[in-house]
Amino acid sequence: MKRLVGIFVRGLVAENPLLMLMIGLCSALAVTTSVENAIGMGLAMTFVIVFAELVISLFRKLIPNSVRIPTFIIVIAAFTTIIDLSMKAYFPELSKSLGVFIPLIVVNCIIMGRVEAFASKEKPLDAVVDALGMGLGYTWVLVGIAAFRELLGNGTLLSAQIMPEAYQPILFFTLPPGGFLVFALFISFNIWLKRVLDRSDRAPVKEAA
Amino acid sequence: MNLAKIFISAFLIDNIVLMRFIALCPFIGMSVDVPKSFGMGLAVTFVMVMATIVTWPLYHFVLVPLNIGFLQILVFILVIATLVQLVEFFLKKQVPSLYGSMGIYLPLITTNCAILAVTFDNITRGFNLVESVVYAVGVAAGFLLSMVLLAGIRERVRTSPIPEFLKGTPMLFAATSLLAVAFMGFAGLVK
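If you read the protein sequences in the order shown, they are chains H and X.
Counting from 1, position 116 in the first sequence corresponds to residue 115 in numbering that gives the first Met the number 0; the numbering is continuous, with no gaps.
Counting from 1, position 189 in the second sequence corresponds to residue 188 in numbering that gives the first Met the number 0; the numbering is continuous, with no gaps.
Keep in mind that a hint or two might mislead.
[Stated by the list, open to error] Estimated spans, in silico, between C-beta atoms of each pair:
hint	chain 1	residue 1	chain 2	residue 2	range
1	H	139	X	154	31 to 37 Å
2	H	197	X	1	54 to 60 Å
3	X	3	H	91	32 to 38 Å
4	H	197	X	158	27 to 33 Å
5	X	188	H	4	49 to 55 Å
Calculated directly from the structure, the hints in this document are not laboratory data.
Backbone N, C-alpha and C define an ideal beta-carbon position, used for all residues, glycine too.
Produce the complete structure using the sequences and hints provided.
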């Protein structure tokens, strides 16, 4: 049980796909103009990665090594198609505002990376937990960036007015350049956080020596 | 819609990297110096046009008549992956000089989201084949331009004093942000 918690937590912070591994960036910046979009995208992505890792892990002994990459692509593409069509049917508004980024989940390097590095070697339960960790790790960063951008750029959160009436929205943050800048600050913050954590890890060792 | 308009808006106004955030991985990863980013840009242009020429007829003459449009994602990604392999074999055998300059970038392009995004755009925007090819060239040119610009900036950044908290990757995104501000100036170019 403890091992599973370890696998799960790893995706949230230490190996966070966006901030640490710097992969799957495209969708992360494009859809974070509002919190609603970020949640939608995060959940769609989590759905695909969980099912892709589950299926690959179940069949890991049957997939010949030489054709594993095409096999992974087909599995990922199948689940992407399912989520794309389901969202078109049940959440047409959300689907429209996420646009091409839902089908683009298929080439999201996070999924390919985890399937190749983890699901193709580990047991199904571990793979699902890993996928949940990665998917939610992706989602929380997305929601974080989106909250920052929506609040400053529009004065709202989940379309509810948060800032006082007098607040003049800084349009810059909802426009593409704002996305890049906010992301730069997020990485910078994460590097600082990691440095602080590393230092506190190392401190007792120094005392012992 | 006239072709010049499609080209200009794909090239500058809706620049795929700076305005639409697509293909950020190679943009950040490969823009180490100008020649490298130029090679990558050319390889992307080549594959993007090829992919458009193959996927557009495939969608309109095979998937639509058979009523299996929902397989679009699956079919397109496989076609692009196969196409890149074929192009690689062909160049290795027939045009070794060209292979030498852009061969190493080809495998990376399979998972380049820009290629797939363009092939989807062509369908959703209802372009005909000629418009699609012009659009693909425009998008690819925009990718090339922004890659080369960032590579130039990176060469300068290396020797410049930058604030401590921006050192490394954050600086790249901050520079990209400024570049995107500049590109927003093109917004009113086409009415």
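Hints versus structure:
Checked against the hint of 31 to 37 Å, the pair residue 139 of chain H and residue 154 of chain X passes, with Cβ atoms roughly 35 Å apart. Between residue 197 of chain H and residue 1 of chain X the C-beta distance comes to about 57 Å, which sits within the given range of 54 to 60 Å. Under the hint 32 to 38 Å, the C-beta atoms of residue 3 of chain X and residue 91 of chain H, about 34 Å apart, fit the expected range. Against the hinted window of 27 to 33 Å, the Cβ-Cβ separation of residue 197 of chain H and residue 158 of chain X comes to about 29 Å, which satisfies the hint.
For the hinted restraint 49 to 55 Å between residue 188 of chain X and residue 4 of chain H, the CB-CB distance of approximately 54 Å keeps it satisfied.
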